[in-house]
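There are 2 protein chains.
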Amino acid sequence: MEKFRPVPFSDVELTDGFWKKRALINEEVTIYSVRDRFRDTGRFEAFKFNWTEGSDIPKPHIFWDSDVAKWMESVAFILAKKDVPELRGTVEELISLMEKNQKDDGYFNIAHTVVFPEMRFKNRDNHELYCLGHFIEAAVAWKNATGCDRLIKIVDKYIDLVIRVFCEEKSAEFTTPGHEEIELALIKLFRLTGEEKYLRLAMFFLDERGKKQEYMPDWCNASYNQSHLPVRQQTEAFGHAVRACYLYSAMADAAKETGDEELLSACKAILSDIVNKKMYITGGIGSSRHGEAFTVPYDLQSDTAYAETCASIALMMFADRMKDIELNSEYADIVEREIYNGILSGVSLDGKAFFYENPLEINLSDRTRHTSMSREPENLPITRRQEVFGCSCCPPNITRFFASIGDKIFSTGENSLIVHQFVPCEAKVGDIRIKLDTAYPSDGRIRINIRNAKGEMLFVRIPGWCREYTCSEAFVVSGGYIKVSVTSDDFDLTVDLDMTPSYYISSASVRATAGKAAVMAGPVVYCFESVYNKELRHYSLRLDMKNIPTAEYDERFGCNILKVKAYKIKENGSLYLTPDKLQEEETGITLIPYFGFANGEESDMAVWLNIR
Amino acid sequence: MEKFRPVPFSDVELTDGFWKKRALINEEVTIYSVRDRFRDTGRFEAFKFNWTEGSDIPKPHIFWDSDVAKWMESVAFILAKKDVPELRGTVEELISLMEKNQKDDGYFNIAHTVVFPEMRFKNRDNHELYCLGHFIEAAVAWKNATGCDRLIKIVDKYIDLVIRVFCEEKSAEFTTPGHEEIELALIKLFRLTGEEKYLRLAMFFLDERGKKQEYMPDWCNASYNQSHLPVRQQTEAFGHAVRACYLYSAMADAAKETGDEELLSACKAILSDIVNKKMYITGGIGSSRHGEAFTVPYDLQSDTAYAETCASIALMMFADRMKDIELNSEYADIVEREIYNGILSGVSLDGKAFFYENPLEINLSDRTRHTSMSREPENLPITRRQEVFGCSCCPPNITRFFASIGDKIFSTGENSLIVHQFVPCEAKVGDIRIKLDTAYPSDGRIRINIRNAKGEMLFVRIPGWCREYTCSEAFVVSGGYIKVSVTSDDFDLTVDLDMTPSYYISSASVRATAGKAAVMAGPVVYCFESVYNKELRHYSLRLDMKNIPTAEYDERFGCNILKVKAYKIKENGSLYLTPDKLQEEETGITLIPYFGFANGEESDMAVWLNIR
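Protein chains in written order, with our numbering: chain A, 2 to 613; chain B, 2 to 613.
Pulled out of the complex, with its shape left as it was, chain A reads as follows (with noise of 0.2 angstroms):
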């Protein structure tokens, strides 16, 4: 069912803006940064195979070759711009540690071979398919970096003992992974090699899932690693939330290589309870701290929003891989809500630190005084973003994602070339010749110069959150994209969209919002913080959907900031009063964009507001 394929980052080039800003501190800050922490750490030490029982170094953990490989994956991106040698370098040297260690037989993997090699295929929730999942996706993004196949060779050997192993022999002690990953990651170096073998694995991992009992840790049950029902019968989210992510990922995946409607109905239907149910506004999934999953719907607490960073990241990859199976504004709508927010905040400002948890709500007063919440503050998000974590998953996600943002743009396919993305850049499919101009996020208007496609259809995209726009051509609305032909082959299109903030309410499932109200303007999120709004606390405020805020850029964000009135209760000393009483009296307050929050003072942070 092959409709769409997005043109690839290394066809894009971004231009001066928002994202161009961001994927620069990417490569030439955080990349370092991450690399830094994970040397600190024993991650690359590791790939020495040197860890032996009361030697001194770090003892290798079971997610460590996922962390490094997802950082090998990060530089190759980087290095499909532009050589830098100490990267790549640093990357080969990885490598040659790998062919040294690989076993006879194909399998990597330090944990399982330095710590514990008796549990080589033993234990289903030891991630040892998701480390090389990410290994083949590393593999993959290096050969078409640089050409140079040496990582493809290695996980091909490697997934030759997986077919043996899990599909020939049986003799592993499960028959799926407890994390999925490999199954997107096969099916990504399928398309790369055309080798059917991957394919064929990766199809064998997702109908065997939820066939019959594998083994659960304890505290859990089979939707924690979403094994409670075979995929196609899958219609609802559930359990950890990145895991379920990228296996409708890869179920997506499959349905575009294979045309399986089964596949694609549980991918709808899934997405669909997960956008409607399950998310909050920021795109954060997977709201509870306990198995880092989804629970039931509408349960979208705000302050304790676990919502994990590559949660976000795992929604949006499957979001952007539904676009390209059906021409449906909805889902570039939630990659655009992912990149604007909930990725966006789990990096700070300067590229250093991140965010595992990403909250909607900071009282810093429930940290450090005994109240009635019954909130360990222990089991509340952290408030500051840290450069590494022990499960350091985040981080290197965040570092492919903005080195590789340029593939959401656009994509090309049945006579069209479809705008997905407001990001500034120049993009060439085939002898076609792509200009994309916008000060987005900050402004509306995106123009767009196409060379050498006349004849072609331009799509594109009218995201859900805007309400008025106009376009310079002559159009009709398909699939929530506006529709044009290119008619002459230096042609220009300009859209302009309707940027005025608005404020949003939550459906009134949901109980922790109900009455409340959040501000977008645009596709991004915005929230109190108290740094920005000293001697003001959120809950104190009342905001009046009848003022609108006015929009004004901010250099530190690299887009607008917010000044809206709000209306301050006073105090009259009384605990309780009737509404007679209430005075309030306006004051000015500011809100910046959620992504950017935790990036001053510490503070307390608000997205939903009370409302008068």
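None of these hints come from the bench; they were simulated from the model.
Treat the hints with care, since some could be wrong.
Chain copies aren't distinguished; within one or between two, either way the pair holds.
Unchecked claim - Here are the simulated PhoX-like cross-link-like pairs (lysine-lysine), alpha carbons at most 20 angstroms apart as the crow flies: (1) K83 / K566; (2) K4 / K83; (3) K83 / K158; (4) K278 / K571; (5) K158 / K189; (6) K144 / K154; (7) K278 / K582; (8) K104 / K154.
Chain A is fixed; fit chain B onto it per the hints.
Only chain B this time, still in chain A's reference frame:
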């Protein structure tokens, strides 16, 4: 500084009305139900002192003496009005057992005799003096009711021991009680007997408290039992709410008896701290399960509200004492808030079952499914009243409250008769006869007839919640009371209080309820309970504070329920919508008195509702 004296309940006969009905249930049902559960659990049997290690008799607990003492006191209050041989017989049997088992040196404590005799006066937190305090209160009540001083003799002998051990020999391993209560009991006994030694001992415990570091359990600090500062220096309510308000009650008693202005000003500061910063709208105090304690100002979370029934009783006791020190209607307002809400919710309408915690919101689904709330269901208040608890302090506190409610209605002094609470009754004060007639709290007309009181001043409280009222005679307002001269020996006064239901909002400092409203009609706090509002979820509704609820008398509750329009946000399938897409439908909802919640089918409940 004695100004006023309460007219004792023994001189007040309740006539038909809200409280008579509840008092009858108390003396016909509750007193027996508590007795039966105490019997089942071995609390009476324990008075035989025949527990031994390995015996099949339940092991006496350190609280048990006080549980039974409060039940004995309750029986005494009932017997003060009419003899009930069955109840009298049980108490007499208990007194005989106490006489038999009291140690020669006066000591009487079941657990510390049969379970761990070596612990006598060793552990400050072991409640020995607390138990004695309740025996003292029972002894005073028993003497008042029956004229018999057997129990007085027992406690007198024990008190002599306490004076010797604590004041003279100082041989106990602590100086002041870990759980206050004996202080107020001693002053009560002093008032009955005139024996200065009781007052001196009370003052000793008050004066020594907080002067030096005493034993504290590991998990708390000295403010847990109000030992962080000498009592005269305390200005804020801290720690275990019941202990705190028993202490503050004793401080008020002591201030009244001794004219100690420092104590009085501490009482005022603390009471203001409670009422203006730490009290639920229901009167509930002690918002945290952890330590059953006060926390920081404005920490008034609805669904985790601990708000122990005994704490409401204790705050009522404190405020009720303050009302007789100075004429200020705010004190009796607190009493009123407690008796119609925080205390009354502690017992089921049928009189058989009790709440220990009194939450202001229940969401049943939080208890049965995995959500993001980070609240373990076992840390949430229970949703159904129980007949008995392991620590069953609240049930006999309820029985003694109902049996002596007549105490709270009138005070006399300075040629004045003061009407604090509006309870239909007939009372005598010397030759004066008072008749109070009202359908309160369903109706605001208060009719008072007073005979043989020409020349006295009559004061009638204007409740703090009341914004409009009329009075049939010329009056001035003094200390929040209508003040009229009694101009004839058969004097009638009618006061009409406007009982129109009203919305309340909380101080903007209360994060939990900011943006919400509660409804009260007169002194009664109302709540939404889903059993009366099928198919509706409280958080999906929005109230319009311009809609005034209409009242309808409801026999089940013995007072009005309210009907009001609410607005239900229609679901449109999306999680987030702009206000222009908001569609509402009007729906009628029923609000019931908060005290009556959890008397039907298990339900969601909320005092605070969203507003539009």
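Each hint, compared with the structure:
no. : hint        : verdict
1   : K83 / K566  : neither (47 angstroms within a copy, 66 angstroms between copies)
2   : K4 / K83    : neither (31 angstroms within a copy, 90 angstroms between copies)
3   : K83 / K158  : neither (29 angstroms within a copy, 95 angstroms between copies)
4   : K278 / K571 : between (36 angstroms within a copy, 15 angstroms between copies)
5   : K158 / K189 : within (16 angstroms within a copy, 89 angstroms between copies)
6   : K144 / K154 : within (10 angstroms within a copy, 96 angstroms between copies)
7   : K278 / K582 : between (39 angstroms within a copy, 18 angstroms between copies)
8   : K104 / K154 : within (13 angstroms within a copy, 89 angstroms between copies)
In summary, the structure is inconsistent with hints 1, 2, 3 from the numbered list given earlier, while agreeing with the others.
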